[in-house]
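*Asks:* Here is what each chain is made of, one letter per residue.
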Amino acid sequence: MAEGLNKTYKVPIGPVHVGLKEPITAWLDVDGERIKGATIRPGAIHRGIEFMARDRNPIQIIYLAERICGICSFAHIVAFVRAVEDAARIEVPARAQYIRTIVLELERIHSHILWAGVACYTFGYDSAFNLGMILREKVMDVLEALTGNRVNYGTGTVGGVRRDITPAVGKVIREMIDFYKNEFGVFYDVVTDDPIAKARMRDVGVLSKEDAIAYCALGPTVRGSGLRVDLRWSSPYEAYCDMDIKPVVPQDYTGEVYGDVFDRFLVRVLEVYQSLEIIENAMAGLPSGDLMWEPKLPKLLNYLKQADGTGLSSIEAPRGDDTHAIRLTGGQDNITWWKVRAPTYSNAVSWPIMFMDNELADSPLIINSIDPCISCMERMVVTDRSTGSGNIVTKSELIERCRDKTRRMMGS
Amino acid sequence: MKPRCAEYTEEYVSPDKVLSLLRRKFRKTADSMELRDYKGGAGNETAYQCLWVQVEKQRFLDLVDALREIDFLHFQITSGDDIGEAVQLNYHFSIFRCAGRGKRLGVTVTVDVPKDDLVMPSLWSRIPGIEYSEREIREMFGVDFDGLPNKALVFLPEDWNEDIKPWRRDETGPRPEDIRELS
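Those sequence lines, one after another, are chains A and B. All residue numbers in the first sequence are consecutive under our numbering, ending with 418. All residue numbers in the second sequence are consecutive under our numbering, ending with 648.
Don't read these hints as lab results, they were simulated from the structure. Bear in mind the structure is a predicted one, so any value in this text is a computation, not a measurement. Mixed in with the good hints, there may be bad ones.
Calculated Cβ distances over 10 Å to all of chain B for the following chain A residues [as the list claims (entries may be wrong)]: (1) 66; (2) 220; (3) 262; (4) 333.
Here are the simulated DSBU-like pairs of lysine-lysine, each with C-alpha atoms no more than 35 Å apart in a straight line [unchecked claim]: (5) A/187 / B/504; (6) B/522 / B/504; (7) A/204 / A/42; (8) B/522 / A/305; (9) A/215 / B/504; (10) B/616 / A/42.
Glycine included, each C-beta is placed from N, C-alpha and C at the ideal position.
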């Protein structure tokens with residue numbers, strides 16, 4: 007496509023993959039290779055989860071909440087049960103709070119390594135992708151040892167947790183920390199020291215500080231723009247109340263902020279180290295005591311039936327602030343309403359700004375940089391409005407375009 | 466149109482002061498305002514607080530602007546329910562996101578939108594990040610937003626019958642035959 011003809015073409019990216027919470031279609035206006043505008047259309051797979059929940063009691067909704075997302079399923083459970091605990095005034099035992107924190111951080115490690123690997127894959131750095139996938143196996147093994155499952159752990163419940171950290175599991179977690187401390191540095195080095203990787207991510211998909219604030223960006227996306235925003239620090243919950251968490255921002259490590267894909271990459275990779283430290287601290291300070299506020303389920307359900315009030319909870323999920331709000335009405339088994347705001351809901355609003363004046367070949371990387379699902383780009387249709395003709399660009403062709411750019415840069 | 470530059474304040478104001486300021490300015494609903502403690506950790510001490518505020522629809526924008534004078538109003542989500550005569554909306558905001566450890570203040574503003582006049586002023590020009598949520602409330606509850614430029618469907622499919630408002634509990638809500646039970 008020629009550039010500079012003052013004629014834009016609309017390029018839709020979508021529809022989407024069922025595997026993730028936020029399926030999104032992006033309509034890009036392109037002039038040649040330059041993206042001049044973008045319109046986002048989510049909702050291709052809105053499942054009406056909040057509507058379904060009206061016919062369920064809080065314990066049943068835990069299993070619904072867990073299935074909002076595969077990667078951060080525990081983050082959704084914790085956000086949900088905390089909202090219920092807020093509405094019903096339930097205090098969680100200290101040991102349960104610490105176990106929640108440990109699982110949340112394990113999940114963050116899992117999510118960030120997976121994301122970093124997939125980002126490398128997107129621009130054709132397959133060896134780094136494979137290295138990331140190998141590293142990620144370790145934390146999945148630990149999650150399996152602790153909960154019995156690699157995803158959807160079924161570990162959280164209203165008023166506590168359902169799995170304990172036994173001495174055997176504790177040993178596995180400590181081994182994992184040692185493993186990552188020795189092995190993860192290699193992954194960090196191969197990507198941050200690689201000139202091509204840096205060239206592909208530097209100055210791509212820039213989100214300025216002002217835009218990050220105005221468009222209400224969250225998590226690593228807003229921290230990548232240099233803002234110290236982290237709920238584990240600004241409104242601590244669970245075991246984070248006993249820890250001093252410093253939000254990870256690029257200027258503390260590189261001395262400057264670009265707010266680009268590279269900065270978001272850096273924030274996520276550095277947060278893996280932070281999570282290891284948090285898990286280490288939580289393991290060291292793990293209090294003894296009960297796992298649940300009320301272990302007898304019928305008694306708990308009866309209490310929740312009497313409860314009357316509105317609850318709110320925001321926690322720092324791997325992709326940013328995950329907010330759940332819930333209303334319980336006294337005398338009713340089922341909840342009255344429930345609202346979920348996953349981080350991508352907010353972060354996707356910033357996409358059009360990140361796309362502006364970038365190359366079409368960078369679009370997969372930009373979409374990926376806020377950490378939604380890369381599989382969301384099942385296919386893409388390029389339409390020439392003047393002739394009305396349309397042809398379909400598949401996901402693999404789009405990835406190939408992205409990789410071609412890397413090859414051009416390497417001069418091969 | 467590019468919204469004005471945004472920044473977070475460095476002048477922190479304690480939650481008690483924010484509460485008394487709002488109570489002074491919005492006397493009519495002052496009694497409904499509540500500051501809730503959120504506790505945690507091994508010592509079970511208060512880690513942060515959230516403000517719960519109710520306001521009449523006519524004074525909603527005044528309240529939002531009063532909060533914006535304190536700090537950039539970070540928008541999280543709108544929740545809501547059909548309560549019979551009105552659609553009740555809860556705007557979940559936060560301020561002091563960047564102000565220090567434990568200093569973030571969550572602010573939930575509850576407004577009743579009467580069903581005979583289902584229109585709310587849009588906050589889009591003040592907080593562009595609110596766009597999806599206003600479009601969602603519009604399609605799910607049928608509440609219109611005055612000043613929102615893009616009113617297209619956001620989560621419902623293109624061929625959706627817009628007379629059906631999925632989250633309403635009255636005659637405009639989904640009828641039993643509109644719901645397909647999967648099990």
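*Asks:* Please go over all the hints and tell whether each is borne out by the structure.
*Replies:* Okay, the hints, checked on the actual structure:
1. At the 10 Å boundary, the C-beta of residue 66 of chain A stays outside the reach of chain B, the nearest C-beta of that chain being 13 Å off.
2. With a least beta-carbon separation of about 4 Å from chain B, residue 220 of chain A fails to lie farther than 10 Å from that chain, contradicting its non-interface assignment.
3. Consistency note on residue 262 of chain A: stated as away from chain B, and its beta-carbon is indeed over 10 Å from all of that chain's, at 19 Å minimum.
4. Chain B draws residue 333 of chain A into its interface by the beta-carbon criterion, the shortest separation being 6 Å against a cut-off of 10 Å.
5. As the CA atoms of residue 187 of chain A and residue 504 of chain B are separated by approximately 33 Å, the hinted pair is consistent with the 35 Å bound.
6. About 32 Å separates the Cα atoms of residue 522 of chain B and residue 504 of chain B, which keeps this hinted pair within 35 Å; it holds.
7. The suggested pairing of residue 204 of chain A with residue 42 of chain A holds, with an alpha-carbon distance near 24 Å, which does not exceed 35 Å.
8. Pair hint residue 522 of chain B plus residue 305 of chain A does not hold up; C-alpha atoms about 40 Å apart against a cutoff of 35 Å.
9. Using a Cα cut-off of 35 Å, the hinted pair residue 215 of chain A and residue 504 of chain B holds, with the two alpha carbons roughly 31 Å apart.
10. Straight-line distance between C-alpha atoms of residue 616 of chain B and residue 42 of chain A comes to about 22 Å, which keeps the hinted pair within the 35 Å bound.
Hint compliance for this structure: hints 2, 4 and 8 are broken, all remaining hints hold.
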